[in-house]
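Visitor: Sequence:
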Amino acid sequence: YLLQELKNHQIVEFDKLLGNDVMNSVELMQKMQGVKVVVHLAAALDEGNKQELHKINVDGTWNVLESAKNSGVKKFIYLSTAGVYGSSKNPVDENTAANPLTEYEKTKLEAEKICTQFQKEMNVIIIRSAMVFGKNNYWEQIIKMIQKDFPLINGGKNYFQFVYVKDLAKAIAFLAEKDVKNETFIVTQEKAITLKTLYIMIQKHLQIHSKIKEMPEIVARIIAFYYSLIGKKTLLKQEYISRLIKDYT
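When we follow our numbering, the leftmost residue of the sequence shown carries the number 799, and every step to the right adds one.
Since the hints were derived computationally from the structure, they do not count as laboratory data. A couple of the hints might just be wrong.
As the list claims (entries may be wrong) - Below are the DSS-like pairs computed for lysine-lysine, each with C-alpha atoms no more than 27 Å apart in a straight line:
#	residue 1	residue 2
1	K946	K1011
2	K805	K933
3	K989	K1011
4	K829	K911
5	K904	K933
6	K1009	K946
7	K1009	K955
8	K946	K1030
9	K968	K911
10	K976	K834
11	K911	K1044
12	K989	K964
13	K942	K1011
14	K942	K1035
15	K848	K1035
16	K979	K867
17	K933	K848
18	K1035	K1011
19	K979	K829
20	K867	K829
21	K933	K989
22	K1031	K904
23	K933	K814
24	K834	K911
25	K918	K853
26	K834	K979
27	K1030	K1011
28	K976	K911
29	K853	K872
30	K853	K1030
31	K933	K1044
32	K911	K872
33	K1002	K989
34	K1044	K989
35	K918	K872
36	K1031	K942
37	K994	K1011
38	K834	K867
39	K834	K853
Please model the entire structure based on the sequences and the hints provided.
Guide: Spelled out as structure tokens, the structure:
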């Protein structure tokens, strides 16, 4: 979607799927020759692999920033997460103090701090994106769980804000083209909805008419602990439970 939004520009792709590696400085600098703007989207997400999270999200970000600086890049856009705020009953904005809870969120905030260090030498813009809604493996797993009538933890009363992937792409393209310098932006849809509302919306889209089941947090955590003991791969992990029950506004 980002390539579509930037169709009037010449794009150089750097992607793990193409065999590229954010830890390879030589390869990064080769790709960045003549590049004016770098959009850094690469990230590790697996909460169960702390070493990989730090390597890609922290060390990798420093490596991409250093390579961009040495290549003469003028603008650097870093995709962070609104998760750096942790959980808040009250709406947050760009001036709210960060309070990350999960390992992923902590590494993204650490990477943000590295970005600010480079702002003295290069224009670095930070985007704190709400949870991205779109076609990917994460949402496919969530939809499969809903199809199996998986219970809502704590009834899904907590509030979430999302951003559709195409809207996030528009925001990134907008900031890539506009004269903006060394700022941080939250990118999200306008209104928060409860997790239960989202669940119902997906049910309606899938034409599922069964009544929503509910599960207390403690039960979910016991099941997650059991799954971890037997090595079952599932979204029901302690870190994901923490993510699903907190408020994002």
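Visitor: A separate judgement is required for each hint: does it hold in the structure or not?
Guide: Checked hints:
1. K946 to K1011: holds (11 Å)
2. K805 to K933: holds (21 Å)
3. K989 to K1011: At roughly 25 Å apart (the allowed maximum being 27 Å), K1011 and K989 satisfy the hint.
4. K829 to K911: holds (25 Å)
5. K904 to K933: holds (25 Å)
6. K1009 to K946: This hinted pair holds, its Cα atoms lying about 12 Å apart.
7. K1009 to K955: Measuring from Cα to Cα gives roughly 16 Å; hence the hint holds.
8. K946 to K1030: holds (17 Å)
9. K968 to K911: Roughly 25 Å separates the two Cα atoms, so the pair holds.
10. K976 to K834: Holds, because 13 Å separates the two Cα atoms, which is no more than 27 Å.
11. K911 to K1044: holds (24 Å)
12. K989 to K964: Distance of about 17 Å is within 27 Å: holds.
13. K942 to K1011: holds (15 Å)
14. K942 to K1035: Roughly 16 Å between the alpha carbons, so the hint for K942 and K1035 holds.
15. K848 to K1035: holds (14 Å)
16. K979 to K867: holds (15 Å)
17. K933 to K848: holds (26 Å)
18. K1035 to K1011: Between K1035 and K1011 the Cα gap is close to 19 Å, so the pair holds against 27 Å.
19. K979 to K829: Holds, because 24 Å separates the two Cα atoms, which is no more than 27 Å.
20. K867 to K829: Holds. K867 to K829 sits at ~13 Å (cutoff 27 Å).
21. K933 to K989: Answer holds: K933 to K989 is near 21 Å, not above 27 Å.
22. K1031 to K904: holds (23 Å)
23. K933 to K814: Given pair K933, K814 holds - Cα atoms ~18 Å apart, limit 27 Å.
24. K834 to K911: holds (22 Å)
25. K918 to K853: holds (24 Å)
26. K834 to K979: Holds, because 14 Å separates the two Cα atoms, which is no more than 27 Å.
27. K1030 to K1011: Since the Cα atoms of K1030 and K1011 sit roughly 22 Å apart, the hinted pair holds (cutoff 27 Å).
28. K976 to K911: holds (23 Å)
29. K853 to K872: Status holds; Cα separation ~25 Å.
30. K853 to K1030: Distance of about 25 Å is within 27 Å: holds.
31. K933 to K1044: Within the cut-off at roughly 23 Å; holds.
32. K911 to K872: The hint holds at about 19 Å.
33. K1002 to K989: Measuring from Cα to Cα gives roughly 20 Å; hence the hint holds.
34. K1044 to K989: holds (16 Å)
35. K918 to K872: holds (12 Å)
36. K1031 to K942: holds (14 Å)
37. K994 to K1011: With Cα atoms ~11 Å apart, K994 and K1011 stay inside 27 Å; holds.
38. K834 to K867: Holds. K834 to K867 sits at ~11 Å (cutoff 27 Å).
39. K834 to K853: holds (26 Å)
When held up to the earlier numbered hints, the structure conflicts with none and fits them all.
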